[in-house]
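Line by line, the protein sequences give chains A and B. Take 1 as the starting number for the first sequence in the numbering used here and just add one per residue. Take 1 as the starting number for the second sequence in the numbering used here and just add one per residue.
Calculated directly from the structure, the hints in this document are not laboratory data. A quick note: this is a predicted structure, and the numbers were derived from the prediction, not measured. Check each hint, because a few of them may be wrong.
Copies of one chain are not kept apart here, so a pair can be met inside one copy or by any two copies together.
[What the hints assert, rightly or not] Okay, derived cross-link-like pairs now, BS3-like style, lysine-lysine, Cα gap no bigger than 27 Å in a straight line:
1) Lys142 to Lys335
2) Lys115 to Lys256
3) Lys256 to Lys335
4) Lys142 to Lys154
5) Lys335 to Lys55
6) Lys257 to Lys287
7) Lys59 to Lys269
8) Lys335 to Lys115
9) Lys283 to Lys257
10) Lys256 to Lys283
Number of protein chains: 2
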Amino acid sequence: MNKPSGFSAFAEKARPALREELRVAITSSADHGTPELQNMIAYQLGWTGENAGPKAEGKQIRPLLVLLAAEAAGGDWQAAIPAAVAVELIHNFSLIHDDIEDNSSLRRGRPTVWKNWGEAQAINTGDAVFALANLSLMNLEKTLSRETVLQAGKLFHTTCLRLTQGQHLDILFENLNQVSLEEYWQMVSGKTAALLAFSLEVGALCASAPDDLQSNYRDFGHYLGLAFQAQDDILGIWGNQEQIGKSNTGDLVNGKKTLPVLYGLAQKKGFYEGWSAGPIKSKEAAKLSQMLEAEGGRAYAQNTADRLTDLALTALENAQPHGEAGDILRELAGKLLHRKE
Amino acid sequence: MNKPSGFSAFAEKARPALREELRVAITSSADHGTPELQNMIAYQLGWTGENAGPKAEGKQIRPLLVLLAAEAAGGDWQAAIPAAVAVELIHNFSLIHDDIEDNSSLRRGRPTVWKNWGEAQAINTGDAVFALANLSLMNLEKTLSRETVLQAGKLFHTTCLRLTQGQHLDILFENLNQVSLEEYWQMVSGKTAALLAFSLEVGALCASAPDDLQSNYRDFGHYLGLAFQAQDDILGIWGNQEQIGKSNTGDLVNGKKTLPVLYGLAQKKGFYEGWSAGPIKSKEAAKLSQMLEAEGGRAYAQNTADRLTDLALTALENAQPHGEAGDILRELAGKLLHRKE
Numbered sequence: 001m002n003k004p005s006g007f008s009a010f011a012e013k014a015r016p017a018l019r020e021e022l023r024v025a026i027t028s029s030a031d032h033g034t035p036e037l038q039n040m041i042a043y044q045l046g047w048t049g050e051n052a053g054p055k056a057e058g059k060q061i062r063p064l065l066v067l068l069a070a071e072a073a074g075g076d077w078q079a080a081i082p083a084a085v086a087v088e089l090i091h092n093f094s095l096i097h098d099d100i101e102d103n104s105s106l107r108r109g110r111p112t113v114w115k116n117w118g119e120a121q122a123i124n125t126g127d128a129v130f131a132l133a134n135l136s137l138m139n140l141e142k143t144l145s146r147e148t149v150l151q152a153g154k155l156f157h158t159t160c161l162r163l164t165q166g167q168h169l170d171i172l173f174e175n176l177n178q179v180s181l182e183e184y185w186q187m188v189s190g191k192t193a194a195l196l197a198f199s200l201e202v203g204a205l206c207a208s209a210p211d212d213l214q215s216n217y218r219d220f221g222h223y224l225g226l227a228f229q230a231q232d233d234i235l236g237i238w239g240n241q242e243q244i245g246k247s248n249t250g251d252l253v254n255g256k257k258t259l260p261v262l263y264g265l266a267q268k269k270g271f272y273e274g275w276s277a278g279p280i281k282s283k284e285a286a287k288l289s290q291m292l293e294a295e296g297g298r299a300y301a302q303n304t305a306d307r308l309t310d311l312a313l314t315a316l317e318n319a320q321p322h323g324e325a326g327d328i329l330r331e332l333a334g335k336l337l338h339r340k341e
Numbered sequence: 001m002n003k004p005s006g007f008s009a010f011a012e013k014a015r016p017a018l019r020e021e022l023r024v025a026i027t028s029s030a031d032h033g034t035p036e037l038q039n040m041i042a043y044q045l046g047w048t049g050e051n052a053g054p055k056a057e058g059k060q061i062r063p064l065l066v067l068l069a070a071e072a073a074g075g076d077w078q079a080a081i082p083a084a085v086a087v088e089l090i091h092n093f094s095l096i097h098d099d100i101e102d103n104s105s106l107r108r109g110r111p112t113v114w115k116n117w118g119e120a121q122a123i124n125t126g127d128a129v130f131a132l133a134n135l136s137l138m139n140l141e142k143t144l145s146r147e148t149v150l151q152a153g154k155l156f157h158t159t160c161l162r163l164t165q166g167q168h169l170d171i172l173f174e175n176l177n178q179v180s181l182e183e184y185w186q187m188v189s190g191k192t193a194a195l196l197a198f199s200l201e202v203g204a205l206c207a208s209a210p211d212d213l214q215s216n217y218r219d220f221g222h223y224l225g226l227a228f229q230a231q232d233d234i235l236g237i238w239g240n241q242e243q244i245g246k247s248n249t250g251d252l253v254n255g256k257k258t259l260p261v262l263y264g265l266a267q268k269k270g271f272y273e274g275w276s277a278g279p280i281k282s283k284e285a286a287k288l289s290q291m292l293e294a295e296g297g298r299a300y301a302q303n304t305a306d307r308l309t310d311l312a313l314t315a316l317e318n319a320q321p322h323g324e325a326g327d328i329l330r331e332l333a334g335k336l337l338h339r340k341e
């Protein structure tokens, strides 16, 4: 695409407003003698510390999806900003805690919060960000009806529960020999898809869209999350190393039970035997990835990703997204799902 | 007191209703293939595992305070149950995370959640309980106006932020040589008093009490928390060992910067020198506690506790608590504040 992207233009317009509302939201964490707590949160958001800036801030896809859905569903993106901020905060809450749970030292190229301030402060900072996300959502009251705000609250709290259910399964799976495909999708539905589904649904809710259109937006987010994960699982084994910015067989070496792996294990052939023999070493990974491909793991995952992509795009069309924001949602869906068109 | 306690009778009446609403609340954590997540929460609540039962469940003072305030402010305690459940859940959320942050292996005589299931699952289970608390509060909508539910939500989320601010300071203080009394009170206000203040305020809110009475209930809870902490700090150094069920100089050996200690350090006399010489050994603790008492630390803390107790009881009287529930609140305040009358 050589023409200027509608998404980039929208993001450029919306980001300053998002950032300002985020800034106001986290300011209250510095009350009562706790400026360092605010500093930790600002660091997580990519605003302070070494290498602060756009890369450290992350792409902010989720909050932008909230705003785009609000606009595409016939509302005003600015009225949905408190919901977008709640989404961005809850995403960062989950990153802070996930990084501790996964023992990850790096996030967006910088030391993680627990690495800088220790686990105890990091757990607590995640909790503070969770509380700030809840508070931020209440600011919808300034522009929307009480009924809508309560509805948004119920959806949001349910989404947060879903996030923890997905994470619970993800941690559980690390120590299980066998994980069924059903269990895998339960995990991904919570861990990856739930917040995307909420982002789109709450945008449409803020626009007071009819219930069935809200459901379509939610479905779009849900399938977008599942398709994205299936795609990501493929790239984690067969991705172009330069394109994904990390070793393309890393998922095999790390023993991650991704979609192609689960398919391969169920075949009980050569890949299953290689995997079962113990942790896969770097030098064996290429051979095992070829074996997995020969046994149908790649094709299965690609078929699944394609099917989920279709479901996502169908749900988006059923949501009848309006105007420029609608076009941008289509553009973004295509980008996220690695499609050319 | 030989006559049957009004509090005990009320607790006996209310606990089954609390427990049932708690049970319903945590049931949703077992959805989507996560029964073990529910099991972890039920364990934290004292319902399952070895030595499950009343001791493991804890005293449930906070949720009972919600219900008593609702009744004493002229409402119906049953209408406030979702708020009481939210309070009990958020208390347990903070216990799960505090136990990880403090590296505590035991809670109410049993292994802590992280000890049983590992840190990663425990952090995540705390997060799930946080989400369940938020969801539970929304159930107030069944009996109260939308305006009241939104007001309760704002108070609750602000309280959760205050809890994390208090905990942030508590962790911070462990590695500071100097902590001012102002900083100490900021910590206690968040960590101990904020949830008690919310418990009483939200009870009065559920009863639709006038704003100034709600403030009085909140103040009662706030000062109750501060007075309780000051009292607890005294018992941690000079308590009757049998009465408090732990070593009475434990706080000195553990280097806890409690109210009498901070007073003693500020005097820069013998206690200051003994404390500054390095970690206090068990055999030195008795001598240092005597020194601290001689230098005025005990009297200062007792004076402070008395003053805060007066403020708490005055706030309670200003709240004009009605009927039997009002009498029970007075009884409970007396008990919690270690007063004879």
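Hint check:
1. Lys142 to Lys335: neither (34 Å within a copy, 43 Å between copies)
2. Lys115 to Lys256: This pair counts as both: shortest intra-copy Cα distance 23 Å, inter-copy 25 Å.
3. Lys256 to Lys335: Classified as within: same-chain Cα gap 25 Å, cross-chain 54 Å, threshold 27 Å.
4. Lys142 to Lys154: Both, since 18 Å and 13 Å are each at most 27 Å.
5. Lys335 to Lys55: This pair counts as within: shortest intra-copy Cα distance 19 Å, inter-copy 56 Å.
6. Lys257 to Lys287: within (18 Å within a copy, 59 Å between copies)
7. Lys59 to Lys269: Classified as neither: same-chain Cα gap 40 Å, cross-chain 56 Å, threshold 27 Å.
8. Lys335 to Lys115: neither (33 Å within a copy, 44 Å between copies)
9. Lys283 to Lys257: within (19 Å within a copy, 54 Å between copies)
10. Lys256 to Lys283: For Lys256 and Lys283, only the intra-copy Cα distance (17 Å) is at most 27 Å; the inter-copy one is 52 Å.
Consistency note: the structure conflicts with the earlier hints numbered 1, 7, 8.
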